[in-house]
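S.K.: Going by the numbering used here, the sequence shown opens with residue 129, and the numbers climb by one from there.
Calculated from the structure, these hints are not laboratory results. Yeah, the Cβ is synthetic: ideal placement off N, Cα and C, and Gly gets one too. There could be a bad hint or two in this list.
Stated by the list, open to error - Cβ-Cβ distance ranges computed for the label pairs, FRET-style:
#1 Ala207 / Arg138: 31 to 37 Å
#2 Trp199 / Gly163: 33 to 39 Å
#3 Leu141 / Ala223: 16 to 22 Å
#4 Gly192 / Ala221: 16 to 22 Å
#5 Gly136 / Arg200: 30 to 36 Å
#6 Arg201 / Gly136: 43 to 49 Å
#7 Leu222 / Leu141: 17 to 23 Å
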Amino acid sequence: MARRSPGGWRGFLLGGLVAGVVSAIGFYADALGGGDVKLLAALGSLLGLEATLVLLVLSAMAGGVLCVLAWRRGVKEVAYVPAIAAGYGGVLALAFAGAA
129 MARRSPGGWR
139 GFLLGGLVAG
149 VVSAIGFYAD
159 ALGGGDVKLL
169 AALGSLLGLE
179 ATLVLLVLSA
189 MAGGVLCVLA
199 WRRGVKEVAY
209 VPAIAAGYGG
219 VLALAFAGAA
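Take these sequences, add in the hints, and give me the full structure.
M.R.: What follows is the structure, given as structure tokens:
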């Protein structure tokens with residue numbers, strides 16, 4: 129998805145930084161793995177700051193749904209990559225719809 133960030137190259141840099149810092153906090157709290165941190169930082173630097181914030185919110189919402197489904201099945205740990213992928217899919221859908 130080639131597009132411009134409102135902040136120029138700084139927007140892409142800030143997107144990667146924000147996603148990396150937020151996910152690193154999750155990593156040190158033993159909530160995320162190292163691959164999740166790297167994936168979110170990479171997606172943040174590709175999307176820019178504004179879309180990264182949308183990505184984080186949508187990923188958290190998808191992660192909540194996955195956790196409820198896993199809890200109902202008695203599963204204790206859930207991979208977060210599907211939630212990140214769902215969040216990224218939501219960002220792409222919003223971008224193609226012209227909303228983000």
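S.K.: At the C-beta level, are glycine 136 and arginine 200 separated by a distance inside 30 to 36 Å?
M.R.: violated, 45 Å
S.K.: If you check the beta carbons of tryptophan 199 and glycine 163, does the distance land in 33 to 39 Å?
M.R.: violated, 23 Å
S.K.: A range of 16 to 22 Å was offered for this pair. Does it hold for the Cβ distance of leucine 141 and alanine 223?
M.R.: Given about 20 Å between the Cβ atoms, the range holds.
S.K.: Range first: 16 to 22 Å. Now tell me if the beta carbons of glycine 192 and alanine 221 are that far apart.
M.R.: holds, 19 Å
S.K.: Evaluate the given range 43 to 49 Å for the C-beta pair formed by arginine 201 and glycine 136.
M.R.: At roughly 46 Å between Cβ atoms, glycine 136 and arginine 201 fall inside 43 to 49 Å, so the hint holds.
S.K.: With respect to the beta-carbon atoms only, verify the hint that alanine 207 and arginine 138 lie 31 to 37 Å apart.
M.R.: Check passed, 32 Å falls within 31 to 37 Å.
S.K.: Quick check on a hinted range of 17 to 23 Å for leucine 222 and leucine 141, using CB atoms only.
M.R.: Holds, at about 22 Å.
The earlier numbered hints that this structure contradicts are 2 and 5.
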